[in-house]
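Chemist: Protein sequences, first through last, are from chains Y and H. Its first residue numbered 0, the first sequence is counted upward by one per residue in numbering that gives the first Met the number 0. Its first residue numbered 0, the second sequence is counted upward by one per residue in numbering that gives the first Met the number 0.
Mixed in with the good hints, there may be bad ones.
Stretch-level coverage of chain Y by chain H, calculated; a stretch enters the list once three of its residues show a Cβ under 8 Å from a Cβ in chain H [as the list claims (entries may be wrong)]:
hint	stretch
1	62 to 75
2	86 to 95
Per label pair, the in silico range of CB-to-CB distance [stated by the list, open to error]:
hint	chain 1	residue 1	chain 2	residue 2	range
3	Y	THR76	H	GLU94	37 to 43 Å
4	Y	PRO62	H	GLU94	31 to 37 Å
5	Y	ALA243	H	HIS27	47 to 53 Å
6	Y	PRO200	H	PRO67	30 to 36 Å
7	Y	HIS123	H	ALA52	27 to 33 Å
8	H	CYS92	Y	ASP199	24 to 30 Å
9	H	ALA52	Y	ARG124	25 to 31 Å
10	H	SER45	Y	GLY193	43 to 49 Å
11	H	ARG20	Y	ASP199	52 to 58 Å
12	Y	LEU30	H	ALA68	16 to 22 Å
I should point out that these hints are in silico values taken from the structure, not numbers from a laboratory. Please read all numbers here as calculations on a predicted model, not as lab measurements. The beta carbon of each residue, even a glycine, is placed where N, CA and C say it ideally should be.
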Amino acid sequence: MCQACGCSLKADVVREELDHQRGRTTVVDVLQDLLAANDRVAAHNREHFDEHGVLAINLMSSPGAGKTALLEATIATLRDRYRIAVIEGDLETDNDAVRIRALGVPALQITTGTACHLDAQLVHRALHDLPLSGLDLLFIENVGNLVCPASFDLGQHRNVTLLSVTEGDDKPEKYPVMFRASDLVVLSKADLLGVLDDFDPGRAAAALRALGRDTPMIQTAARRIPALAPWLNWLEEQLAERRAVVPAELA
Amino acid sequence: MHELSVCQALLRQVTDIAMERGCRVVEHITIEAGPLSGVEPVLLASAFEILRASSFATAQALLSIESPAVIIRCTSCSMESPTTPNRLVCPLCGEFRTRVVAGDELRLRRVELREPQSPNGKTLCAKLVVAA
């Protein structure tokens, strides 16, 4: 009798039937990127940006490195020349979006709850509430975290990572995935370098170079507008580059 | 702990593959997660233990994670060298412009699926299928 359910089949028949029911194992070789679904949505976001000629910049750093302060200073300087919008990512509160809106620029807050990073789907949803037409520049301020955001493409054109000089100059060595993904590294709060004896910009640059990239590294101090010049120049270069590329891509 | 998100994406991908092939049970999943992928294999394995029960197809599945060593190829002298995630400069000529040829993978490599139906398409005994 069948031991599993008590039906009247003999044990060997049951075993045979079990083998049939177990069936054979099918091996499927896949070799597909694990984040393929995220990357598809990211590509879709990028298409949206390109259709509207918007340069999208993903801003990443550890919490408190000064992403929002850099954005405030940037907006205050550039808002008469470029139309700017910001997507803010935080676990809780819309404090950062409120700060940006106070400067007269549209800002949309994504609160991720417990999620430690933004993903392409979250940004895509935000884009439904953020008109892109007429925009030149979209900043996506990621959740403060030097680990998780590096793995998720959002559809941005450039990744910018802030490293504040109040952190260690060995951060690129400790977080290689994040710094390798960066197109620009900004040493923020650089006006404090004079009073800090344990942060050596040369060491930070060497650690960055050891990651096998010639990623540029610049210094900023968001509280002093003249100190923003290298950052603003870089932004203008990217905007010009974007403008040169987009019409060709759309043609 | 973005490994939870990565694991959700993995399980969705795997159940889609099983459904496409009309298989209801996933036995074994093999993925590659290199040290430069940004995913920690131990954390991903923990996430998998929690999340695999979210669907019948994957509830009993095993996960194998392969972590290929980091290998770089120098753009100047063409030498290939094994290295660590934060030392991606050519050890032979010192060139920093190198290409990562292994160690940054984050991909689903293989899925082993079980077809639980008997050849005549009939199910003999529902409890047997569950027991199997």
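Chemist: Hint by hint, say whether it matches the structure.
Modeler: Outcome of the hint check:
1. Counting residues of the stretch 62 to 75 of chain Y whose beta carbon lies closer than 8 Å to any beta carbon of chain H gives 0, which falls below the threshold of three, so the coverage claim is violated.
2. Using a Cβ-Cβ cut-off of 8 Å, 0 residues of the stretch 86 to 95 of chain Y lie near chain H, which falls short of the minimum of three, so the contact claim is violated.
3. Against the hinted window of 37 to 43 Å, the Cβ-Cβ separation of THR76 (chain Y) and GLU94 (chain H) comes to about 38 Å, which satisfies the hint.
4. Between PRO62 (chain Y) and GLU94 (chain H) the beta carbon distance is about 35 Å. The supplied range of 31 to 37 Å therefore holds.
5. Taking the beta carbon of each, ALA243 (chain Y) and HIS27 (chain H) are about 49 Å apart, inside 47 to 53 Å as hinted.
6. In this structure the supplied range 30 to 36 Å holds for PRO200 (chain Y) paired with PRO67 (chain H), their Cβ-Cβ distance being about 34 Å.
7. A hinted range of 27 to 33 Å holds for the C-beta pair HIS123 (chain Y) and ALA52 (chain H), which are about 29 Å apart.
8. A hinted range of 24 to 30 Å for the beta carbons of CYS92 (chain H) and ASP199 (chain Y) is consistent with their spacing of about 26 Å.
9. Distance hint check: the CB atoms of ALA52 (chain H) and ARG124 (chain Y) are about 28 Å apart, consistent with the given range 25 to 31 Å.
10. At about 45 Å, the beta-carbon gap between SER45 (chain H) and GLY193 (chain Y) stays in the expected band of 43 to 49 Å.
11. Taking 52 to 58 Å as the suggested C-beta distance range, the pair ARG20 (chain H) and ASP199 (chain Y) conforms, at roughly 57 Å.
12. As the Cβ distance of LEU30 (chain Y) to ALA68 (chain H) is approximately 19 Å, the hint placing it in 16 to 22 Å holds.
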